[in-house]
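Chemist: One line per chain: the protein sequences are A, B, C, D, E and F, in this order. Residue 1 is where the first sequence starts when you use the UniProt record's numbering, and the numbers rise one by one after that. Residue 1 is where the second sequence starts when you use the UniProt record's numbering, and the numbers rise one by one after that. Residue 1 is where the third sequence starts when you use the UniProt record's numbering, and the numbers rise one by one after that. Residue 1 is where the fourth sequence starts when you use the UniProt record's numbering, and the numbers rise one by one after that. Residue 1 is where the fifth sequence starts when you use the UniProt record's numbering, and the numbers rise one by one after that. Residue 1 is where the sixth sequence starts when you use the UniProt record's numbering, and the numbers rise one by one after that.
Check before you lean on any hint, since a few could be wrong.
Since copy identity is lost for identical chains, a pair holds within one copy or between any two.
To be verified - Straight-line C-alpha distance at most 25 Å; calculated DSS-like pairs for lysine-lysine:
#, residue 1, residue 2
1, K169, K230
2, K198, K262
3, K7, K169
4, K257, K244
5, K54, K250
6, K7, K271
7, K250, K7
8, K198, K257
9, K198, K54
10, K271, K169
11, K230, K244
12, K230, K250
13, K198, K7
Note that these hints are calculated values from the structure, not bench results. Bear in mind that the values here come from a model prediction, so they are computed numbers and not experimental data.
6 protein chains.
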Amino acid sequence: MFHHSGKLQYEVRVENPNPQFACHLQQAIGGIEGEIRVAMQYFFQAMGARGDAKYRDLLMMTATEELSHIEFLGHAVALNLDGAPTSLQEKAAGDPVVNAIMGGMNPRHILSSGLSAMPVNANGVPFDMSHVYASGNIGADMLANAMAEASGRVLATRLYNLTDDAGMKDMLSFLIARDTMHQQQWLAVIEELGGLEKQLPIPNSTPPEHEATEHSYYFLNTSLDEPTPKGRWSSGPSLDGRSKFSVVEKPEPLGQKPSLGKARPDVGAQKEQS
Amino acid sequence: MFHHSGKLQYEVRVENPNPQFACHLQQAIGGIEGEIRVAMQYFFQAMGARGDAKYRDLLMMTATEELSHIEFLGHAVALNLDGAPTSLQEKAAGDPVVNAIMGGMNPRHILSSGLSAMPVNANGVPFDMSHVYASGNIGADMLANAMAEASGRVLATRLYNLTDDAGMKDMLSFLIARDTMHQQQWLAVIEELGGLEKQLPIPNSTPPEHEATEHSYYFLNTSLDEPTPKGRWSSGPSLDGRSKFSVVEKPEPLGQKPSLGKARPDVGAQKEQS
Amino acid sequence: MFHHSGKLQYEVRVENPNPQFACHLQQAIGGIEGEIRVAMQYFFQAMGARGDAKYRDLLMMTATEELSHIEFLGHAVALNLDGAPTSLQEKAAGDPVVNAIMGGMNPRHILSSGLSAMPVNANGVPFDMSHVYASGNIGADMLANAMAEASGRVLATRLYNLTDDAGMKDMLSFLIARDTMHQQQWLAVIEELGGLEKQLPIPNSTPPEHEATEHSYYFLNTSLDEPTPKGRWSSGPSLDGRSKFSVVEKPEPLGQKPSLGKARPDVGAQKEQS
Amino acid sequence: MFHHSGKLQYEVRVENPNPQFACHLQQAIGGIEGEIRVAMQYFFQAMGARGDAKYRDLLMMTATEELSHIEFLGHAVALNLDGAPTSLQEKAAGDPVVNAIMGGMNPRHILSSGLSAMPVNANGVPFDMSHVYASGNIGADMLANAMAEASGRVLATRLYNLTDDAGMKDMLSFLIARDTMHQQQWLAVIEELGGLEKQLPIPNSTPPEHEATEHSYYFLNTSLDEPTPKGRWSSGPSLDGRSKFSVVEKPEPLGQKPSLGKARPDVGAQKEQS
Amino acid sequence: MFHHSGKLQYEVRVENPNPQFACHLQQAIGGIEGEIRVAMQYFFQAMGARGDAKYRDLLMMTATEELSHIEFLGHAVALNLDGAPTSLQEKAAGDPVVNAIMGGMNPRHILSSGLSAMPVNANGVPFDMSHVYASGNIGADMLANAMAEASGRVLATRLYNLTDDAGMKDMLSFLIARDTMHQQQWLAVIEELGGLEKQLPIPNSTPPEHEATEHSYYFLNTSLDEPTPKGRWSSGPSLDGRSKFSVVEKPEPLGQKPSLGKARPDVGAQKEQS
Amino acid sequence: MFHHSGKLQYEVRVENPNPQFACHLQQAIGGIEGEIRVAMQYFFQAMGARGDAKYRDLLMMTATEELSHIEFLGHAVALNLDGAPTSLQEKAAGDPVVNAIMGGMNPRHILSSGLSAMPVNANGVPFDMSHVYASGNIGADMLANAMAEASGRVLATRLYNLTDDAGMKDMLSFLIARDTMHQQQWLAVIEELGGLEKQLPIPNSTPPEHEATEHSYYFLNTSLDEPTPKGRWSSGPSLDGRSKFSVVEKPEPLGQKPSLGKARPDVGAQKEQS
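Extracted from the complex, chain A is given alone in its bound form:
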C-alpha cells in the first residue's frame, strides 16, 4: 500500500523560468528514458516477482522512489512555465523573443495543461505503457532496469548540459546521482546471483536439448564485403563459460525458398492468384 508525505524528495528551484526547457524536461517525465517508465516498470516487476522475496521488496522500494522523482520533475516543469506568454495582450506583436519562445515550447503546455506538467515526452507524445518491461525472468528484468537507468542518466546529463539555470543544474545533479545508484543496484543483483557466467544465457533454465547449440556461439558476418569485426565476441570462451566464440563468414542460407502456392478461392484474393 502506498503513502505520501507533503514535501518533495528533493528541492526544486528555478531561477530563470524557461518554457522551452520545460518542454525538454518532459522527456525525463514521459519519455522512454523517463521516470514514469521506471516507476511503472519496477512496480509491475515487483507485482510479478517470484523466487526470493527480497528482490520483490527491492523493486517495490525503488518504484516508490521513482514516483517521487516524477513529482519533483513535474514541479520543475510548472515552475519553468511561469511567465510563459499565453495571450497577445502580454506581448508586442512580432516580438522575435516571444516568437522564439512560442516556437520552441510545447503549445499544449498552454492549450491543454494550463502551464503545468503532462505525461508526455519532449515531442508531446504521450507515454505508453508498452515500455514497461516485466518478463517474469529476473535476469531479463535486471538488464531491462539497468538499461532504463543508463538511458535515464544519459538523458539527465544532456539536460544538465542544455540548461544554464543553477537550480535546474542542482536538481539534475541529484537525478544523475540516483541514476548512478540505480544502474548499479540492478546489475548488483546479477552479480549476487552468480554473475554473468551463471546467469547467461537468459533464461538459464532452458534445457540444453531445446537449443540448437551448434548455432549458439558463432558471430554471423552477413556482409558481402566487410571483414569480420574482431573482439571479445569473435574468439575465446563464451561469457557463459559453456563454449567458445567463433565466426561464420559469408553464410549460406540453411532453409528453403519459401512458397505459399496458389490462393484458396474463397479468401478474397484476385482470381489471377488462384
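With chain A fixed as given, assemble chains B, C, D, E and F onto it according to the hints.
Modeler: Here is chains B, C, D, E and F on its own, set in the frame of chain A:
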C-alpha cells in the same frame, strides 16, 4: 546497402498447421521481444554509431541477420494458417473445434492479411518504433541490446514449450541458439571496453562535478515497515569501483512543499482559482 | 514524496484461478476506466493545481490510494493465472477445456509477463497516458474525475457480474465502494465551489465579450425529419442561471461555401490543380 | 443517415494568416479536447443508446453539429496556412522571421498535407479513437460529455487569447458559445433524470449487496504528515443521500503481504527463481 | 454543414445474434480497411482540396455517405451482441458453448461499451487518425482512396464468407456493391484528368531538373541469386510515356562508406567513443 | 535471407548542416510517406504472396532496395545534425539564431538519439506498423504500393523545395527518381494482369451473387443543395466494363430507424434505462 538471396536463413517446417500458434508466433515478429524490434534497433544504432568503426559493423551485420529472422518467422506464420477456416461452407455449424480455433486465432489473419504474417504482436497490436532504443551511447545501447535478446530468448523458450509441432520446435531451437549468441556478443562489447567497472556509471563521460555524488551510492528504503533487503547493492564496493554502497532507511524529504499559487487570470482556469 | 508499506490495501483471495478472468481484470488496471488512469490523472492534476491548496492535497491523497488499487488488482491477476497451461506437456492434445482457456486468455500473460499482470487492457492494448486529463481548470478536472470514477464503477460492476469466485466478488465489492466515494468527492468539490450554477459555463472566467452569447443557449436540431427531443435542455432557465434554453430547428448554414482556390505551383500538387 | 449542405455552419475569416496559429488550431480538431472526439463520442453513444429514445436523438443531433465544427475549423487551418513558406526560393537565407515561422509551425502542414488541416493535435500527434467514451450507461456518458465540452471550452478560451486576428476571434467566440450550450445540455439530462441524488452512485443499478458499503463514504487521507482537507466531501450527507461522509486518517492496510512463491520450472524464469 | 435523418441508409437485420461476429464486424468500422477511415479521409481531402471545385464536392458527398455506413454497421454490431453472456447467473459453470463465445468475442463489448459498437478493429485496437491520407495532391489522394476501397471490399467479401446469417449477408452485399462504385469513382477521376500517362509520375508538377532521371526507369534486382522477374515493368515504354523500362542486376553501391567519426565530448556518449 | 555491403546505395553530402532540416528529413524515414513503411510493406506482402512467384520476387527485391534508402537517409539526418547546439557553453545566452535552431529542431535529436536519426516522423511521432498494408490480394496491394510511392514522391519533392543544400538536393533527386520507377512498377503489375477492366472490382473473385449489384454503379449525391459533380464517374461505362455509371440524387434512407430498446438489468446501465 542491402542485398537478398532467395532462400530462408533456416528451414521452416510445420507438420500440423495451427492457427492459434500462428497468433502466438506473431509475438516473435511484432512484439517488443521480437525480431522487427532488434532488426531496427541495431540498424538505427549502426547509423548513429560514433567511435571505433568496428562496433558499427557489428551492429549492421547483426541487424541484417535479424531481418532474415523476420523472414523465416513470417513464413512459419503463413504455414500455420494453412487450412484455417475462412468460410462457413467449410465447417459444420457450431462445431466446437472450429469455434475454438476461431476464438483463439487472430481474426485479422483472416480479415486483413489473407492468411499471412502481420507486423503485430500476439494481441494483434501493431509494433511501434518507439521501442527502437538507440541513444548514441554505446554502453546504454549494449545493455539495451542484451536486454532485447534476453527477452527474445525468454519468448522463444515459452513458444517452444507451447507447441508440440516438431518442425516448429526445430525452428525455435535455432532462434534460441542465435539469441544465446546475441546476448553474449553485446555484453562482450562491454567486457572489451574494460568491463562494468570502467563503463559504469553510464555515461562514464559525465564530469563528476555534474553529479551530487553524496547521493550516488545509497539504496533508499522507501518502505515504512519492511526491512531493507540486503545484498550486493547494500554494502561493499560499488560496481564502478569509485565508492561504497550504503543504505538510507525511512528517508525524509529533502525538498519543499510544492505550491504554484494562484492561477493567472487569463489562462482558462476557474475564477475561484485566481 | 511517496512511501510504501508491505501489505495490500485490501485482501485478495482467489478460490478458483481463472486465466480468462485475469484477462478481464486487466481492464481495471490498464483500461481507460482503470486504476493507472485515475492514479496518474489525480497525480498530474495535483502537480498542476493552482488556487486553494486543499484541492491539491485532496488530489494527491486520492492519487496515492489509486496506486494501492493497482497493486492489489495486479496481485489478483497473478493469482488468477495460477495453473494456466504453459506447455503442451501439461495437457492432452486437443482437450477442449484447455483450448477454450487458451483461446480466451491473453496469450501475452504466458509469452510476455510470465503469468503476472501487465499495464494493458482486456484486449492487451497498453495504456497510454493521453488519457490523463489535467487541464489546470478545477471545474473541468472535477468533471473528468467524476466521469473516470463513474466509468470505473460501471466496469467494476460488470466484472462483479462476470465472476463467480467469492474472493473476487469480495475484492470487487470493495472497489465498487471506493468508486462510490470517489465519484462523490469530486462532485462535492463543485458543490463546495457554489454548485453548477456558479461553476458553469466552464471556464467561468471567460469574459462574456469573448463569447457570441446569442449562440450559447439553443439546442440545435440538425435532423431533417426527427422532432426535437424535449427536456430540461430545450426550455426553461439555463443551468448557469444566466439565460433560457431554446431550440433552433432545421438550421441554415451561417457561413460561406469554402474554397481554397488553385494550388501554388511549388507545393507538390498535380499540375491540373494549379 | 447523414446529409450535407455546401456552406459552413459558421463563417470563417482570417485576416492575417499565421501558420503557427494553424498549428495551435489543430488542437481543436484532433486534440483530446477537440471536435473529432466529441463528434465520434456522441455518435457512438447514440448508436449504443438504450432506454428512452429521445436521448439517442439528442446525441445524434449534436454529433451531427460537431461534424460541422470540424469542417469550419479545417477551413480555418487551411486559411491560416496561406502564404506559408514552402521553398527556399521564397525567402532570404537566414531570415529570422521566416525561421521563426518554420520553427513554430507544424512541418507536416508543408510535408504531408500540402497546407491544409490534418486530424492531429497541436503536437502533430494523430487523434486516436480510444478517447471515444461510450459506456452504455447514460450517467457515465453524460458526465463524459460535459467534461469533453468543459475541456473544449477551456481550449477555445485559450485559443481566443492566443490570437489577435479578428476573424479568428469571431469564429472562436462562436465555438465558446456552442460549448456553453453543450456543457449544459448534457448536465441537464442528469437533472431531468432526477439530479445527482438519484443518479449517484453511477451505475445506480448496482445492487447494494454487491457493494462493501462500509467503505463507500469515507475519504482516505493517505498522507503521513498532511491534515485532511476538509470540505463538502469530509462530513455531511453524501451526494446520493444514502449516507454521511466521514474521514479515515493514516489508514492501515487491510490485506495480506503479497507473495507468488517460486516460479514454475517451465515458464522461462531463471533457475534461481524456482 | 452536416445534417442527419432518422433512418439508416440500409436495412440491418440479424437473425441469429453472434457476439463473435460482432467482434469481426468491428474491423469494418474501426479497422484500417473500415468506414471511419474512409469517412475521415474523404472529409479531410475535401477540406484541403485545391483546383477544380467539383472534386471537392465529390469527396465531401462520399465522405457523407461513409458516415452513414458507420451508422448501420454500428447498429449491426449491437444487434449481434444481443443475448451475449454478461453474468454467471445466466450460464451453467463450464458450459463449453458459453466459454467459446466468451473466448471469441471482444471482452470490452461487455466491459466497456455495454453491448454496443466501438471505434476499434477486430483486435480491439482503437482506430487512429494517422491512417487518414490527405496529401493535397489529387493523384496521390485518388490512389489512396481507390486502395482504401479495394481493401474495404476485400474485407467485406471476407466478412460475407464468415457469416451464415442471411441478414448480415444482405447488408454486406450492399457494402460490397458500394465499394465497387467507390473504387471506380476515384480511379475515374484519374481517367478524367488524362489517365495514368498524363498523371504519372505523381506529382506531375515536379520539374524534370529536380529528378535524377537516369535512375527513374530501371528495375533494381537486389537479389544475389534470383533472376529478374520479367514483365511490363522490365522493358517497353514506361507508363508515363516518357522513357523505357530497363533492368539493373546485381547493383553496386553508388555511395560512400558512412562514418560519423568520434562523439563530441559533451553529448553523453561513453568516453571510449570520443 | 538478407546480406549487406558496406557502402551506401547513393552518396550523401551535406554542405551546410541544418538541424531543422534533419527534423524535416525524418518524415522520409519514419513518416507514413517514408521508407520504413515501404520497406516493411513490400516485405510483408512478399511473405504473404500467393499465385505467380515472380510477384513475390518483385516485392522482395524492392523491399531490399527500400532498406538501403533508410540507410542513406539516416546518414543524411546525422550529417545535418553536425554542429547542433547541445550545451549552453557553446552559445551566447539568448542568441536568436541558436534559439531559432533549438526551436525548430527535434529536441529528441539531442536528448534521445545523441545527434542521429530516429524511426520517427517530422513531429517526432514514432512510426507504427499499422501502416503496413498487406492484404493477400495483389490488386489491393499494388494500389497500396503505388499510393505509397506517390505520397513518397510528393514528400521528396517538398523536401527538395525546402532545402538549399546542393548535396541534399542531389540525394533527393535520386529519391524522386526511384519513386518514379516504383510508382510505375506496381501499376505495371496491374497492366500486366489485364489492366483495370479485368482487375476491377477488387477483389475480382467475389461471386456476383454476393453483391447487390443494383447499388454498384451509381454515384450518391448526399448533398441537400449542391448539384452532382459530373465526370467520368457519373455516366458512361464503368471502369470494369460490366455496367454503366449513373447518379442518385437526394437519396432516401433504405433502412429502418434503429432502436435497441431497454437495457438489460445486469449490464451496468442506469436504472432509468431499463
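Chemist: Are the hints correct? Go through all of them and say.
Modeler: Checked hints:
When the C-alpha separation of K169 and K230 is checked against a cutoff of 25 Å, the pair qualifies neither within a copy, at 41 Å, nor between copies, at 32 Å. In the homo-oligomer, the alpha carbons of K198 and K262 lie at most 25 Å apart only across protomers (19 Å), although the nearest pairing inside one protomer, at 49 Å, exceeds that limit. In this assembly of identical chains, K7 and K169 lie within 25 Å of each other by CA distance solely inside one copy; the values are 20 Å within and 38 Å between copies. In this homomeric assembly, K257 and K244 never come within 25 Å of each other (Cα to Cα): the closest approach is 32 Å inside a single copy and 31 Å across copies.
For a Cα distance limit of 25 Å, the shortest separation of K54 from K250 across copies, 17 Å, qualifies, whereas the shortest one inside one copy, 48 Å, does not. Proximity of K7 and K271 under a CA criterion of 25 Å is satisfied in neither setting, with 70 Å inside one chain copy and 27 Å between copies. In this assembly of identical chains, K250 and K7 lie within 25 Å of each other by CA distance solely across copies; the values are 14 Å between and 61 Å within a copy. Taking identical chains as interchangeable, the C-alpha atoms of K198 and K257 are never at most 25 Å apart, the minima being 39 Å within one chain and 31 Å between chains.
In this assembly of identical chains, the alpha carbons of K198 and K54 lie at most 25 Å apart only when taken from the same copy (20 Å versus 28 Å across copies). Taking the closest pair of Cα atoms, K271 and K169 come within 25 Å of each other only across two copies (22 Å); inside a single copy the shortest separation is 67 Å, beyond that limit. In this assembly of identical chains, K230 and K244 lie within 25 Å of each other by CA distance solely inside one copy; the values are 14 Å within and 35 Å between copies. In this assembly of identical chains, the alpha carbons of K230 and K250 lie at most 25 Å apart only when taken from the same copy (15 Å versus 28 Å across copies).
Taking the closest pair of Cα atoms, K198 and K7 never come within 25 Å of each other, the shortest separation being 43 Å inside a single copy and 33 Å across copies.
Of the hints listed earlier, those the structure fails to meet are numbers 1, 4, 6, 8 and 13, in rising order.
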